[in-house]
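Undergrad: Take a look at the letters that make up each chain.
Protein chains: 2
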Amino acid sequence: MKQITTVREMQQTVDLIRREGRTIGIVPTMGYLHEGHLSLIREAKRNADITVTTIFVNPAQFAPGEDYQRYPRDFNRDIKLVDSAGSDFLFAPTVEEMYPSSFSTYVEVGRITGILEGKFRPAHFRGVTTIVAKLFNTIKPHVAVFGQKDAQQVIVIRQMVHDLNHDIRIIVAPIVREADGLAMSSRNTYLSPEQRKESATIYKSLKRGEQMINEGERNCARIIAEISSYLTSQPSLKIDYVSVADADSLEEYTVIKENSRILISLAVRVGATRLIDNIIVTL
Amino acid sequence: MKQITTVREMQQTVDLIRREGRTIGIVPTMGYLHEGHLSLIREAKRNADITVTTIFVNPAQFAPGEDYQRYPRDFNRDIKLVDSAGSDFLFAPTVEEMYPSSFSTYVEVGRITGILEGKFRPAHFRGVTTIVAKLFNTIKPHVAVFGQKDAQQVIVIRQMVHDLNHDIRIIVAPIVREADGLAMSSRNTYLSPEQRKESATIYKSLKRGEQMINEGERNCARIIAEISSYLTSQPSLKIDYVSVADADSLEEYTVIKENSRILISLAVRVGATRLIDNIIVTL
Chain A
25 MKQITTVREM QQTVDLIRRE GRTIGIVPTM GYLHEGHLSL IREAKRNADI
75 TVTTIFVNPA QFAPGEDYQR YPRDFNRDIK LVDSAGSDFL FAPTVEEMYP
125 SSFSTYVEVG RITGILEGKF RPAHFRGVTT IVAKLFNTIK PHVAVFGQKD
175 AQQVIVIRQM VHDLNHDIRI IVAPIVREAD GLAMSSRNTY LSPEQRKESA
225 TIYKSLKRGE QMINEGERNC ARIIAEISSY LTSQPSLKID YVSVADADSL
275 EEYTVIKENS RILISLAVRV GATRLIDNII VTL
Chain B
25 MKQITTVREM QQTVDLIRRE GRTIGIVPTM GYLHEGHLSL IREAKRNADI
75 TVTTIFVNPA QFAPGEDYQR YPRDFNRDIK LVDSAGSDFL FAPTVEEMYP
125 SSFSTYVEVG RITGILEGKF RPAHFRGVTT IVAKLFNTIK PHVAVFGQKD
175 AQQVIVIRQM VHDLNHDIRI IVAPIVREAD GLAMSSRNTY LSPEQRKESA
225 TIYKSLKRGE QMINEGERNC ARIIAEISSY LTSQPSLKID YVSVADADSL
275 EEYTVIKENS RILISLAVRV GATRLIDNII VTL
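First to last, the protein sequences are chains A and B.
At position 12 of the first sequence (counting the first as 1) the number is 36 in our numbering, and the numbers step up by one without a gap.
At position 172 of the second sequence (counting the first as 1) the number is 196 in our numbering, and the numbers step up by one without a gap.
Simulated coverage check for chain B against chain A, where a stretch passes if three residues somewhere in it have a Cβ under 8 angstroms from a Cβ of chain A:
no.	segment
1	40-46
2	126-137
3	160-172
4	189-198
Think of the hints as simulated: they come from the structure by calculation, not from any bench.
Being a predicted model, the structure only gives us computed values, none of them experimental.
Here a beta-carbon is modelled for each residue, glycine too, at the ideal position from N, C-alpha and C.
So here's chain A without its partners, still in its complex pose (with noise of 0.2 angstroms):
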């Protein structure tokens, strides 16, 4: 695996890799990975013909007061896991070289990154379709492959692609869990030993909401209050939102709709730490 820290060398790699005939996939990430990244590397090798894994840790995702600064960070740790699982390249720059001290312009999607996360991270998802631009400019990649962890993340990303026409093609990779079913996260670190222990129902009150569906629940304010309940009954997790919406659209429901499919996604603080997760759910 070939490890490169240059928007400029990137830049030459892969148009070489393109005149070649060969195909380009791209898995950005910020690092700290666990077996949901190395899914998402495995996921692009077998849709593209050389994989380019991006580690970086966006400042501008991050608003002042949340956890930039103590993200979780093991660089030499994570190049053995980009290379064990077979990636080609890894592309990590520095802070510097993707945010000289010039820079002023944004990516931005409209609507859609008012609500659910976005209410609660005003600026989180300008930062992700800016970094996330900068990185096709950089890769220019055939396939872009994203975790179905971040669900409004890969909707978000999608209307970019769609708007502004960049001709790559996003892959979403389930969601992989811990055995109790937490989902797996780079932020699962910051939990203390009863932290970890009580966000195990956070998984267990999604497929509770599953089943009421599956059951023939469709007041959502009744799902979204038994999931709030679920949660509420761990002392540790406080609730941001419980939300239940079209899963391509994000449009939230009142009375769920037949022939849709439906996204239930919630975020929860645990202490100083905050955690999201979802399901979808086929009707």
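Here the structure of chain A is known, so what remains is to put chain B in place on it, guided by the hints.
TA: This is chain B only, laid out in the frame that chain A set:
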């Protein structure tokens, strides 16, 4: 010359060209072409193997009340001109192709878009950078040619290209002028014979500013006052701004620095028509 109207066909076409190792140059225009545009096409041909000229009157860069609806259009004449200038492709999408009803993503350059043109046309540059990003992603050019007539636009696009890591070389072609010095513009067609005659003073005022600098004047207020008095000597001309600034950063001078490139730029209204022009003085 081949005409293309969809993003999809354009992307497939340029992918084949790139695979053959040939370079692509793009000339984005809003049509109603004049000799200035044709000089851009010729410049693209000198710098790339294949030239794509685009014609699209971009609604996103016009504010309500501006001249989007009445902007001059003559597509059949344009086709012949683009062909005669030697462009290999003409990309002319519909508004629906570029801005489907779900469209909600914008590319926005900060700081330098808040002054000069951006002050008088607040959403203008957001519209410009968004459509240019879309055209870049559609045509995937190696080089892009813009006219120096839109001096601030060139600086804004350079900033976007730098910030978003577009792997594209920006080429700026000189202003093409009528015999009496008026900068060629599709909007000159709006002018009455009397207005057209008075508009020749615009370039004369810029040349006077250049002369003052070359003769040693360094006080910007005096230069601006002199240019303004030239302009207001014509009954039809109303000044939006006259600026003396650094040609790269657009930082406005009080006193001109030695060894600098100075952009003298202005915007005037001639009746309902808004015209811009500029000159660069190198010390």
